[in-house]
Structures are given as structure tokens and as C-alpha cells.
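Undergrad: These are the residues of each chain, in order.
Number of protein chains: 2
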Amino acid sequence: MLIVQKYGGTSVGSPERIGKVADRIAKTIAKGHQVVVVVSAMGHSTDALVDLAAQVTENPDKREMDALLATGEQVSTALVSMALQKRGIQAKSFTGWQAAVQTEPVHGAARIETIDPQPLSDYLKENGVAVVAGFQGIAKGAVTTLGRGGSDTTAVAIAAALKADLCEIYTDVDGVYTADPRKVTGAYKLEQVSYDEMLELANLGSQVLHPRAVETAKRHQVALVVRSSFTDAEGTVVKDMTTMEGLRVVTGVAQEKEVARLAIVGVPPSSKPLTNMFRTLAKQNVNVDVIVQSILREEEVDVSFTVSEADLDRALELLEALKESLGYREIVHEKGLCKVSIVGAGMISNPGVAAQMFEALEAAGARVKMVSTSEIKVSCVIESSYLEAAINSVHASFLLDQE
Amino acid sequence: MLIVQKYGGTSVGSPERIGKVADRIAKTIAKGHQVVVVVSAMGHSTDALVDLAAQVTENPDKREMDALLATGEQVSTALVSMALQKRGIQAKSFTGWQAAVQTEPVHGAARIETIDPQPLSDYLKENGVAVVAGFQGIAKGAVTTLGRGGSDTTAVAIAAALKADLCEIYTDVDGVYTADPRKVTGAYKLEQVSYDEMLELANLGSQVLHPRAVETAKRHQVALVVRSSFTDAEGTVVKDMTTMEGLRVVTGVAQEKEVARLAIVGVPPSSKPLTNMFRTLAKQNVNVDVIVQSILREEEVDVSFTVSEADLDRALELLEALKESLGYREIVHEKGLCKVSIVGAGMISNPGVAAQMFEALEAAGARVKMVSTSEIKVSCVIESSYLEAAINSVHASFLLDQE
Numbered sequence: 001m002l003i004v005q006k007y008g009g010t011s012v013g014s015p016e017r018i019g020k021v022a023d024r025i026a027k028t029i030a031k032g033h034q035v036v037v038v039v040s041a042m043g044h045s046t047d048a049l050v051d052l053a054a055q056v057t058e059n060p061d062k063r064e065m066d067a068l069l070a071t072g073e074q075v076s077t078a079l080v081s082m083a084l085q086k087r088g089i090q091a092k093s094f095t096g097w098q099a100a101v102q103t104e105p106v107h108g109a110a111r112i113e114t115i116d117p118q119p120l121s122d123y124l125k126e127n128g129v130a131v132v133a134g135f136q137g138i139a140k141g142a143v144t145t146l147g148r149g150g151s152d153t154t155a156v157a158i159a160a161a162l163k164a165d166l167c168e169i170y171t172d173v174d175g176v177y178t179a180d181p182r183k184v185t186g187a188y189k190l191e192q193v194s195y196d197e198m199l200e201l202a203n204l205g206s207q208v209l210h211p212r213a214v215e216t217a218k219r220h221q222v223a224l225v226v227r228s229s230f231t232d233a234e235g236t237v238v239k240d241m242t243t244m245e246g247l248r249v250v251t252g253v254a255q256e257k258e259v260a261r262l263a264i265v266g267v268p269p270s271s272k273p274l275t276n277m278f279r280t281l282a283k284q285n286v287n288v289d290v291i292v293q294s295i296l297r298e299e300e301v302d303v304s305f306t307v308s309e310a311d312l313d314r315a316l317e318l319l320e321a322l323k324e325s326l327g328y329r330e331i332v333h334e335k336g337l338c339k340v341s342i343v344g345a346g347m348i349s350n351p352g353v354a355a356q357m358f359e360a361l362e363a364a365g366a367r368v369k370m371v372s373t374s375e376i377k378v379s380c381v382i383e384s385s386y387l388e389a390a391i392n393s394v395h396a397s398f399l400l401d402q403e
Numbered sequence: 001m002l003i004v005q006k007y008g009g010t011s012v013g014s015p016e017r018i019g020k021v022a023d024r025i026a027k028t029i030a031k032g033h034q035v036v037v038v039v040s041a042m043g044h045s046t047d048a049l050v051d052l053a054a055q056v057t058e059n060p061d062k063r064e065m066d067a068l069l070a071t072g073e074q075v076s077t078a079l080v081s082m083a084l085q086k087r088g089i090q091a092k093s094f095t096g097w098q099a100a101v102q103t104e105p106v107h108g109a110a111r112i113e114t115i116d117p118q119p120l121s122d123y124l125k126e127n128g129v130a131v132v133a134g135f136q137g138i139a140k141g142a143v144t145t146l147g148r149g150g151s152d153t154t155a156v157a158i159a160a161a162l163k164a165d166l167c168e169i170y171t172d173v174d175g176v177y178t179a180d181p182r183k184v185t186g187a188y189k190l191e192q193v194s195y196d197e198m199l200e201l202a203n204l205g206s207q208v209l210h211p212r213a214v215e216t217a218k219r220h221q222v223a224l225v226v227r228s229s230f231t232d233a234e235g236t237v238v239k240d241m242t243t244m245e246g247l248r249v250v251t252g253v254a255q256e257k258e259v260a261r262l263a264i265v266g267v268p269p270s271s272k273p274l275t276n277m278f279r280t281l282a283k284q285n286v287n288v289d290v291i292v293q294s295i296l297r298e299e300e301v302d303v304s305f306t307v308s309e310a311d312l313d314r315a316l317e318l319l320e321a322l323k324e325s326l327g328y329r330e331i332v333h334e335k336g337l338c339k340v341s342i343v344g345a346g347m348i349s350n351p352g353v354a355a356q357m358f359e360a361l362e363a364a365g366a367r368v369k370m371v372s373t374s375e376i377k378v379s380c381v382i383e384s385s386y387l388e389a390a391i392n393s394v395h396a397s398f399l400l401d402q403e
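Here the protein sequences line up with chains A and B, keeping their order. Counted from 1, the first sequence has number 40 at position 40 by the working numbering; the numbering is strictly sequential. Counted from 1, the second sequence has number 132 at position 132 by the working numbering; the numbering is strictly sequential.
It is possible that some hints are incorrect.
In this list, chains with the same sequence are indistinguishable; a pair is considered to hold if it fits within one copy or across any two.
What the hints assert, rightly or not - Computed list of lysine to aspartate or glutamate pairs in EDC-like fashion (alpha-carbon distance at most 16 Å, straight line):
no., residue 1, residue 2
1, 140, 122
2, 183, 234
3, 283, 104
4, 218, 196
Treat the hints as calculated values from the structure; they're not laboratory data.
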């Protein structure tokens, strides 16, 4: 098999851990597999670089920030290559440009456009282990970076370009859980999960895999495994729904904290100004989540939506500036909320799911303030003080008997 | 004027010092000059990277070592660019490959082969300040480094490629001195020195400029200035002898410590085995310096030469292994020596220089153990215990009245 293995910052956090990573790669090679490695920057080295830049200027140029941050992954690739060579394995480091990872020409959060498989597959033909810097690429001769979770995306994109049989994401947790095991009694590790479920779980704050990596995996049908670099435990397989043996109604319970709710009361019922409002918020990087619109009377509309608490003040300012064009009566807002969601591909054919979720939340004492549903997800906004009781109650209701 | 400014590791050793460097560049720009900047890695960051590699493997691959070390200069280029932008100056970082610094395809101590001036001159046309990573280049798609003093060489080579009017080397000393001012009473800073004198001084342990940088400057007739990044003092101009106003007989007194002497006694007078011996020593990286050969009797030859004390044991081992082929009678060796040299372009036409040097050494109580002379240099090997007295005596004899 051709396997792409991605090791995160914690996994390569010290020379000793880099040795452990090399041992694991050596073991994979010994089983007769071919391996391409993708690595992140060591531990907190990216933070240290960000801090250096902050000491030089309060407003660093994005191109230069990319040039600066890309060095972190380059250090890891060289050290992992050395560690492999020490173990008698032929290895070579590749920066983003050496691996021909072409991105769109933006800095800070560029998307990968193409990866020419030639440089890596040439080296595979020589039986070498290519150690590729994650998180970075090249565009118009400049070094670019992919933003948060970029190394996961690099690994998946390389697996797609090389038509690899498997992409293993090594991290500090041993897989995807039905809920946060530190918070929810009886949370257990999933053997498998579909791309769509993983996407919803990732978007809902379960930080195991970056959504963009999951999207890329889904688009190119790359078989993914999430597993721990510290244990030999089997991880969680992320794959296409069609290849799964049976769909659970609910796969996991996710949570999001520090949510604020805004309600714009008494807007005239024309969609133009509202579209304009959401566009303005997006442009100012205010991420709007659950949106609920209700028509109480013919002549006016109420619109509620959630933002992160950190964005609340900015959102209020922007809405104040738009008061005239929107023509609303007043704005109501509320902090101290959270969002509890259930995700499951089998939900589509099970109409009673939302009702069961409301019951479970009610049993925990929580009042549902907002609801939003998709084909494989139900999200409820409740008060933060009920969060822990709520996720435990929801998990017990949907998942404990499924293990 | 188009000026290339090179800042060493101490000059960019902290965010605060990087700010000072940016201030100095801004001042040069304000005078109406165009500037290309070449920077080294920050302070001891290269040592930190070497140390990381040592923790991973005792025998790091040279290609990977280059990939690792090159990140140090990349960090500096990004930070200096940011600091310039903060001061309203358009700036952009360039790695070795982005600046098209092509080297020979070896690792650890590659020579620059060509620099395509296009990328840098294109950016100069946009009135931007290019901030280039010193010490690194590219060969066959791999990152290479130039070895010790590499950033000086990068700066001079870029100045040559761009046909710059001046190359300023900023360092932590304010110029080239007649002798080490911490050791020699009355040592003073030189206003100017010729390439050849600088080459001899550099080779003799005066660490201000790397010999390879001086060689490159001489070959391309690049006007060099060595000056301090911490003061506004005028530095020392390094230029062609033909453009100097008057040649001093002696320009400087240099020293080299920890020298060992080897004498191979009673070698049959055929040059073949001796050539072979020096080739073997060179291959094993034993740097042979002063060589003295004397014919005492028709049928045999005595050969003495110096090596650094650190290389003595290895040299003895190698010579022992060659005993049969060389056919010598015995080897004598001596440690605890040093070398004192005088360098001066005016020496050629002054026959009494060597004699005056012997007198000065004798006055300091030192016995001359070996002598070697070139057209612009006289070197004497003496016992280390006389070093300080010797350089002071020689300096007083040749230089004090010239200031």
C-alpha cells in the first residue's frame, strides 16, 4: 500500500518524539508499505514565530508572515528526515514548493489548487520516504500558508494527488468520539464515521480534523484514519457513507461554547436589506451561525442569529450602522449561550429525532432558545449553565445503547 | 547609488535590533539611495538548529542540515521586511532560490555559481527594498548553504550581479584594525585596505570578513565597506590596490593561535611521496599551513609544516600510516605554538621588512621557529607564551608611526 502519514505538532514536539515518529514510519515500511510523510511545525514553534513578528510590528504583512511561519514546518521535515536516515531509511525533506503544492495566490489561508505528483512519485520510485512540509505551498513564486488545520489538508491533498491507498492523520487523541470523553460519561470511540458526519462534527468544534481536510477527502474519496501517535490503538476510519455497513441514527454529540444571540425585531419584509446585512457581517469576518427568521405579522419580520461572544460587540456596531437601511425597530441580544448538536447520517429516515433531542434537553433542565436542522444534524442553542448536563443527557438518550 | 547592505547575526539578534537595522536602511533610502539588504540568521539561532539536529542524530545528512539551517536566514528576512514596512518602506523577503542564487550542487559549503539579477532588479524597479537571505542558494532543486561567512559572500555576489555601487558589511566591529585592539596597545582602525591585504588578514584569523567574500569582491571589483551596525563611525573601505592613494609598507599585524609543528626527518629526495602525503592530509581535512623544506644532505630531505593543534593527532596517525611509502626516519612534533604575521602591499618594494620583523620578535624575547613569506606577507611561528609581547613589539615597530 501507499500510505500518507501526517504527524501534528505535538507528535513532533521534541527530538525524542521525532525519534518515536521515525520508529513508527520504520515499522510501516517494514510491513512492505510505501510512505509519504507530512509534518507540522514542532510543538509551539509557530506561536514563537508569531510572537517574534508581534515584537517587530503590530500589523505584520501577510506575505512576510507566511514566509516566516513556513520555516516551522521546514525545520520539522529536515529533522524527521534525519531521524529516518539514522534508522537506515532513505528519506528526503520537501518544502511546499519542492513538493509542487500550488495554491491560490493569497496569504494566510490559501487553498491548494493543484499538486503535481511528479516530484514525490519520482522519489517514491527510488524507494525513498518523502517528508513534506504541511501547511504551506507556493503561488506566483511566493510562499503561501493554508491557515488553521492546513497540514491535515496538505496530507489529504497529497494522498489524492498520488492516489494513495490510505491517509493516516496522527494526532494526540486516538480517534473520533461520540462526545468529549472528558465531559460525557460513557462517550466512546467510533470505529467509523462518514465524511459528512465528520464535516458536521468538525464544524461543531470537535477539533480532531480540519473541515477543509474532510471536504478534500470527500471530494477525492480519500480513505482517512484518525489515530494517536502515542499509542497503537486502532483509530477512527473516515469514509464514504455508501461504503459504511450500517448507519447509526446519531453518531456524535458536539458542542460549541460562548455563543451570543442577536434578534433584529420589526424588519420590513423585503429580503434585500437582510442579504446586504449578512454580506456586511461576513466581510467584517463576523461568522454568523444559526439563523432563524419568523414572520409574526404580514408587515414585518423578526430575524435571530448567533455569533461567537467575541464577535458580539462588532456585530452590534455594524448593525447599528445599518439601522436606516434595514429599517428595524430594535435589536435584542443575549450572551452566555452554547450550542449542542447531534450528528448522524441515519437521521434522514428517522423523523422522531428532533423531538427526542428536545426531550433530552428538557430532562437536563435546559430550555431550547433556537433550533436549526440539516439532513444529518440538529443543533439547539441553550444557556451555557446547562451545557454539561445537556450533552450527557443527549448522549445517554441517543448513544449509550448503540455501543 | 545602489547599495547592498549586509547585516550579521548580532545586528539582527533581537526584534529591537531588527528595528534599529530597519531605521538604518530607512536613513539610507531617505538619502536617495536604492538598497538591497542581505541578512544572516538571528544571533545564536543557527547554533540552536545545529543543537536540535544533534539531538536527533549524531551524523546528520548534509542535504537535510542545509534545509534545516536555511530556515534561520528566512526568519530574519521576513522580520526585517516587516520592520521596514512598519516604517512605511516597501519591502519583500527573498530566500536564496527566490533571489536566484544558484550554487554548485554540494551541501554545507557550496560556492555560488551564478546569480540571475532579474528577480532583484525587477523589484528594485518597483522601488522596493529586497531583503535577501544570506548563506543560502539552490542547486538542482535543493536548498544549499555556503558555509562559514556565507552571508558576506552572498552580499558581495549580489552586489556584483546587480553592478551595485557599494557593498556595506555591517558587523559588530567598526572596521579593520592594524591589530587586535584588545591585545595591542595603539592598534588603530584603517581607513582603507586593498583586497589582497584583506585576504591575507582574513586568512590569518582576523575574522572581520570571510576570505571567500573578499575573493569575490576582488574578482568583480566590488567596492566594500566594513562598518559597525551599532555606531555611525566610518568603516574601512576595501578596494583595489590600484585605486589606493599610497601603499603602507605594513597594513596590519595578524595572529593565529593553537598551532602545532610537525617535522618529517630524513625523507628520500623524491617529491612523489610528499605530494601524496599532502594530498592525503587535505583529503582528511587536515589543513596544512606553513611548509618549510630543507635539504641538509644530498640524499635526504627534512620537511616541516604546521597544522592546528586540534588536527595534530589525526595528522600524526595519517603520517604513521604513510611511513613506508614516505620512507622517513622519524617524526618530530611540537605543540603550544602560534603564528604572527605582518601584511602589507608596500612590502614588495621594501627588502628590509623581514629583518625588521625578526628584530621586533627578538626584542619581545621570541625565537622564530619557522618563517614563510609571500609578496605581501611575512609569517613567523613562535612559542605561544610570547604571543602578546610579540604582536605589540611588531605593531610598534611597523605601525605606530604611520597613523
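Undergrad: Between residue 283 and residue 104, at a C-alpha cutoff of 16 Å, which is it: within one copy, between copies, both, or neither?
TA: neither (19 Å within a copy, 49 Å between copies)
Undergrad: For residue 183 and residue 234, with the copy left unspecified, which applies at a CA distance of at most 16 Å: within, between, both, or neither?
TA: neither (22 Å within a copy, 67 Å between copies)
Undergrad: When Cα atoms must be at most 16 Å apart, do residue 218 and residue 196 count as within-copy, between-copy, both, or neither?
TA: within (8 Å within a copy, 66 Å between copies)
Undergrad: Check residue 140 against residue 122 for me: Cα-Cα at most 16 Å, and say if that holds within a copy, between copies, both or neither.
TA: Between copies, since 14 Å is at most 16 Å while 24 Å is not.
The earlier numbered hints that this structure contradicts are 2, 3.
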